[in-house]
Amino acid sequence: MTSLAWLVPAALTLGMMGLAAFLWALRSGQFDDLEGAKWRAISDDNDRIATKTDRSQTDDA
Amino acid sequence: MEAALDAGVAAQEPSAEARQTIVLSVPSIVCGNCIRSVENTLRALRGVEAARANLTTKRVSVVVDPSVNSAIDLTAALEHAGFPAAPLIENAETEQAARVSELIPRLGVAGFAAGNIMMLSVAVWSGEASDMDSSLMDLFHWVSALIALPAVAYAGQPFFKSALAALRSRRLNMDVPISLGVLLATGMSLFQTMRSSEQIYFDAATTLLFFLLIGRVLDERMRTKARGAAENLIGLRATNATLVAPDQTTKLVLASTLKPGMVIAVGAGERIAGDGEVISGQSDIDESLISGETRPRAISIGDSVYAGTINCGGSLRVRITAAEDNTLLSEIGRMMLNAEQSRGRYVRLADRASQIYAPAVHVLGLLTFIAWMAVGAPWDQSLTHAIAVLIITCPCALALAVPAVQVAAMSRLFSKGVIVKAPDGLERLAEIDCVVFDKTGTLTTGELRLETSDGVDEAALGRAGSIAGVSKHPFAQALAKAARAEGMQTRAVTGVEEVPGSGLVTTSMGFEEKVGSAAWAGVEDRNASIWYAAEGKPAVGFNFLDELRKDAAACVSELRHSGYRVSLLSGDRRAAVAQAAAACGIEEWTGEVRPDQKLQAIEALKARGCKTLMVGDGLNDAPALAAGHASLSPASAIDIAQTTADAVFQGDVLQPVIETLSVAKAARRLALQNFAIAILYNSIFVPLAMAGYVTPLIAALAMSGSSIMVTANALRLRSKALRLPNVGASA
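If you read the sequences in order, they're chains A and B.
First residue of the first sequence? That's 236 in this note's numbering, and the numbers climb one at a time after it.
First residue of the second sequence? That's 696 in this note's numbering, and the numbers climb one at a time after it.
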């Protein structure tokens, strides 16, 4: 019976972690373009959003 | 994603307050390579900070420095790269995205709560049969309460808000019994947990919210998809205009930025961007979208022209005159506003059901409480039984019945190229018994075809086709196309001179040849559309017809066969309308009707008790589209017609009209079946609940069972073979 004292909280914590991961993924736009994601995975291009250094480099060139 | 993009850029450059995010609709993005070319094209432009294409919505968000770049430069660059693009009106889009992303986290939380509480509940239920310690059972109930209370408070909000809004306006909707059931079940369970009782319904409350939220999310998702697709269609039709500054320099601007007094240049083949007055040039104007008339109208200096019409001949300068209230558009807008009011009174099927259902449920719950009190049960036991009745009757199946069917129906139509935009559009389409078509662009393709029924002069056709090949005028193009279609060899002709508003002339064969209007060719006869006159020979006339859509006649006969009353209302000449009506087999037709007369005709049908479906594409159809019981528009329609119509169909056949009607009717039949399932389930479990036999376990099983049944029934619509049912056939 004492095992329940940590099993129940452990189960709930794991569940909460899953929920938190889902909410994070949703907020950060992971589900916004399900069609495009599969194509981007096989693209060789640098797919990051351009940073300041990238831009200054292109400006120089 | 836009927000993420914005945030990312802002984080990198805190000083960049001047950044602007522009969302472009680019319907031709279909694969990974398109994403790459679109993004690279945009990133190569000056002033573009970031570009991200979304393949699902076929849109691109671009972060730009507005001082360097604007939407018009971006669309021009994309068009050059082979991707026609149009900027979207942003606020509507972001507002929608916010609403969907509000429902999905709630769904996640409800799912988490339902799953975990069910895990604890199953332990309790199986513990009841074995030797579970009562203190352990209490612990499990308290843990359930700990999960359920915040989850219900957060995930239930859309239902509580909607129920509250309905009650404020003294109405009842489906959300009232849902909210009441969930709140009472949660509150009573908390009370029973404190008293260590066994009647705990936390699992029922959260599972209910989870199922209902799935329905809401699917519904909202389908609707967003449809609205997005419709916006993309319309976006592409928004025109750019060539603005002429007082110093004669020209600049490409968005049509929406035009103001009265500005002067625009309109080249041959271009759509005129605003209402205005011609200040120089002479041409023919194709006004079929405005008036339904297929023959171009000749205009010259001083004539007025309307937005959406196409300049067929020479280039024009137009001074924009459209001031606030007296444009053709605002006139039509006023008519539409009045016409739409009647449609606003339509009460949806689910709300109609809840108007009977909700009071019945509440009375049953109250009766159960009173009856148990009357036979001497303690008040808390009576209340528990009453709440069991509320939970059992909580319209899970009923609330899923309609949305599940609608989602299945809309996605089936979506795959066939029909975009249903109005939330209650399908329900209204299911009640149709009378179909009114517009002619030009709806029954017909809007393209011109040479009439060959009484034979053509082949030599003249070949020669005229060769000369016409150099012009952009629709009749000239149609003539050249017809010559090739008749198997004629067309040759490149040199030295052809085009006289705007009149026709073509050449002397390359050593004698004068003219192709053009009757007056140009020097004949009195006005029957033919275009003439060919060689010096010294009688002129030969060619007549053009606006060709019917391939399956127009078949569709009309199928509709009539199923008992629909079909009629034709057109702004075109009587003779042309009569011909089209005869070719399709429509007996009731009217020609030369103005927009307000179309509206009156629809109102007259309504007064006679007909539920009219208006199918039309032009500005002159817009008020009638708003007034009809339901309305459909082809994707080639003018944007105002597409916005007004309940659904938009793509492609060059009329079959989608029939498909839409049959799916709408099938959807209605399935929704009614689902109501029947829900009622059957209630008639079994409500007496049990009233008698006090329903335990939390039975409630959980019954509720999930009925929800799954109605959803499975709704999904049948996706694959079912359908044919158009007869009017008045029992649903």
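No lab work stands behind these hints, which were simulated from the structure alone.
What you are looking at is a predicted structure, and each value in this text was computed from that prediction instead of being measured.
A virtual CB, placed ideally from N, CA and C, is assigned to each residue, including glycine.
Please note: incorrect hints may appear among the correct ones.
Computed cross-link-like contacts, BS3-like style, restricted to lysine-lysine with a CA-CA straight-line distance of at most 27 angstroms [unchecked claim]:
#, chain 1, residue 1, chain 2, residue 2
1, B, Lys1301, B, Lys920
2, B, Lys920, B, Lys1167
3, B, Lys1111, A, Lys273
4, B, Lys1111, B, Lys1167
5, B, Lys1306, B, Lys1116
6, A, Lys273, B, Lys920
Now the stretches of chain B that chain A is said to cover, found in silico as 3 or more residues with beta-carbon under 8 angstroms [said to hold, decoys possible]:
#, stretch
7, 747 to 757
8, 798 to 810
Evaluation of the provided hints:
Distance hint between lysine 1301 of chain B and lysine 920 of chain B is unfulfilled; the C-alpha atoms sit about 32 angstroms from each other, more than 27 angstroms. About 37 angstroms separates the Cα atoms of lysine 920 of chain B and lysine 1167 of chain B, which puts this hinted pair outside 27 angstroms; it is violated. Of the pairs offered as hints, the one joining lysine 1111 of chain B and lysine 273 of chain A holds, with about 25 angstroms between alpha carbons and a cut-off of 27 angstroms not exceeded. Distance hint between lysine 1111 of chain B and lysine 1167 of chain B is unfulfilled; the C-alpha atoms sit about 34 angstroms from each other, more than 27 angstroms.
For the hint pairing lysine 1306 of chain B with lysine 1116 of chain B, the CA-to-CA distance comes to about 19 angstroms; that is within 27 angstroms, so the pair holds. Restraint check: the Cα-Cα separation between lysine 273 of chain A and lysine 920 of chain B comes to about 20 angstroms, which is no more than 27 angstroms; the hinted pair holds. Here's how the stretch 747 to 757 of chain B fares: 6 of its residues keep a CB closer than 8 angstroms to some CB of chain A, so the rule of at least three is met and the hint holds. For the stretch 798 to 810 of chain B, the stated coverage by chain A holds: 6 residues have a C-beta nearer than 8 angstroms to a C-beta of that chain, and at least 3 were required.
Hint compliance for this structure: hints 1, 2 and 4 are broken, all remaining hints hold.
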